[in-house]
Amino acid sequence: KQEVTQIPAALSVPEGENLVLNCSFTDSAIYNLQWFRQDPGKGLTSLLLIQSSQREQTSGRLNASLDKSSGRSTLYIAASQPGDSATYLCADGGNNAGNNRKLIWGLGTSLAVNP
Amino acid sequence: EAGVAQSPRYKIIEKRQSVAFWCNPISGHATLYWYQQILGQGPKLLIQFQNNGVVDDSQLPKDRFSAERLKGVDSTLKIQPAKLEDSAVYLCASGSSFTQYFGPGTRLTVL
Chain D
1 KQEVTQIPAA LSVPEGENLV LNCSFTDSAI YNLQWFRQDP GKGLTSLLLI
51 QSSQREQTSG RLNASLDKSS GRSTLYIAAS QPGDSATYLC ADGGNNAGNN
101 RKLIWGLGTS LAVNP
Chain Z
1 EAGVAQSPRY KIIEKRQSVA FWCNPISGHA TLYWYQQILG QGPKLLIQFQ
51 NNGVVDDSQL PKDRFSAERL KGVDSTLKIQ PAKLEDSAVY LCASGSSFTQ
101 YFGPGTRLTV L
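Quick note, the sequences are listed as chains D and Z, same order.
Mapping the first sequence onto our numbering, position 77 (from 1) lands on 77, and the numbers just tick up by one.
Mapping the second sequence onto our numbering, position 81 (from 1) lands on 81, and the numbers just tick up by one.
Hints are computed from structural coordinates only; laboratory data are not their basis.
On a predicted model such as this, the values are computed, not experimentally measured, just so you know.
Heads up, a few of these hints could be off.
With a Cα cut of at most 25 Å, we get these calculated DMTMM-like pairs of lysine to aspartate or glutamate [claimed, not checked]:
{"id": "1", "chain 1": "Z", "residue 1": "Lys11", "chain 2": "Z", "residue 2": "Glu85"}
{"id": "2", "chain 1": "D", "residue 1": "Lys102", "chain 2": "Z", "residue 2": "Glu14"}
{"id": "3", "chain 1": "D", "residue 1": "Lys42", "chain 2": "Z", "residue 2": "Glu68"}
{"id": "4", "chain 1": "Z", "residue 1": "Lys44", "chain 2": "D", "residue 2": "Glu15"}
{"id": "5", "chain 1": "Z", "residue 1": "Lys11", "chain 2": "D", "residue 2": "Asp39"}
{"id": "6", "chain 1": "D", "residue 1": "Lys1", "chain 2": "Z", "residue 2": "Glu68"}
With these hints in hand, go ahead and build the complete structure from the sequences.
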């Protein structure tokens with residue numbers, strides 16, 4: 001059974017700090033890995049998707065990396081802001097091509113950025 | 001581009017009552033997913049549709065949950081009768097092979 005683990009479960013930092021969220025996966029044949037943001041009681045917003053052939057993706061202050069050999073992905077947030085406070089989830093996109101792909105989810109890291 | 005729409009946003013019912021959720025996916029997306037997310041956990045896939053056919057419903061509690069996607073567009077998820085442990089956020093997503101786009105979710109509280 002494939003699994004995704006996120007560490008830490010919760011993180012509290014002062015505003016302006018650079019931070020790293022970690023995601024580990026057991027799927028050696030991962031197709032892609034996706035990072036999502038979830039605000040309390042809300043749906044999920046896709047942040048970054050990294051295909052298995054890629055090593056990283058960047059969007060604004062966010063940078064996600066993928067290391068298939070070690071089974072790790074990191075989400076780097078530069079110059080954190082209070083508006084970044086949310087839960088960040090990573091999901092393994094599975095190893096089946098096509099439409100029959102089931103996302104395998106971590107439990108998320110709850111981030112609080114303090115003014 | 002309009003996103004995935006869901007309604008209602010919030011629902012409070014008593015146990016043993018019935019409830020239904022509605023989802024309208026992004027136009028042109030053939031794949032539609034329903035997830036259940038219990039507080040503090042990752043989303044759990046309940047059912048996946050490809051057009052109006054079911055691809056995966058292995059984790060759908062079929063004794064009380066049902067879902068349909070008529071005409072391959074809108075979808076409804078029903079719970080009948082509800083139990084206390086059904087309290088969760090129900091997320092609908094649509095997408096392609098590469099990524100899924102999520103709606104705002106419906107928060108269900110069963111008393």
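Hints and how they fare:
1. Z/Lys11 with Z/Glu85: Holds - the C-alpha atoms of Z/Glu85 and Z/Lys11 are around 15 Å apart, at most 25 Å.
2. D/Lys102 with Z/Glu14: 32 Å, violated
3. D/Lys42 with Z/Glu68: The given pair, whose Cα atoms are some 24 Å apart, holds under the 25 Å limit.
4. Z/Lys44 with D/Glu15: 33 Å, violated
5. Z/Lys11 with D/Asp39: Roughly 19 Å separates the two Cα atoms, so the pair holds.
6. D/Lys1 with Z/Glu68: Given pair D/Lys1, Z/Glu68 is violated - Cα atoms ~29 Å apart, limit 25 Å.
The earlier numbered hints that this structure contradicts are 2, 4 and 6.
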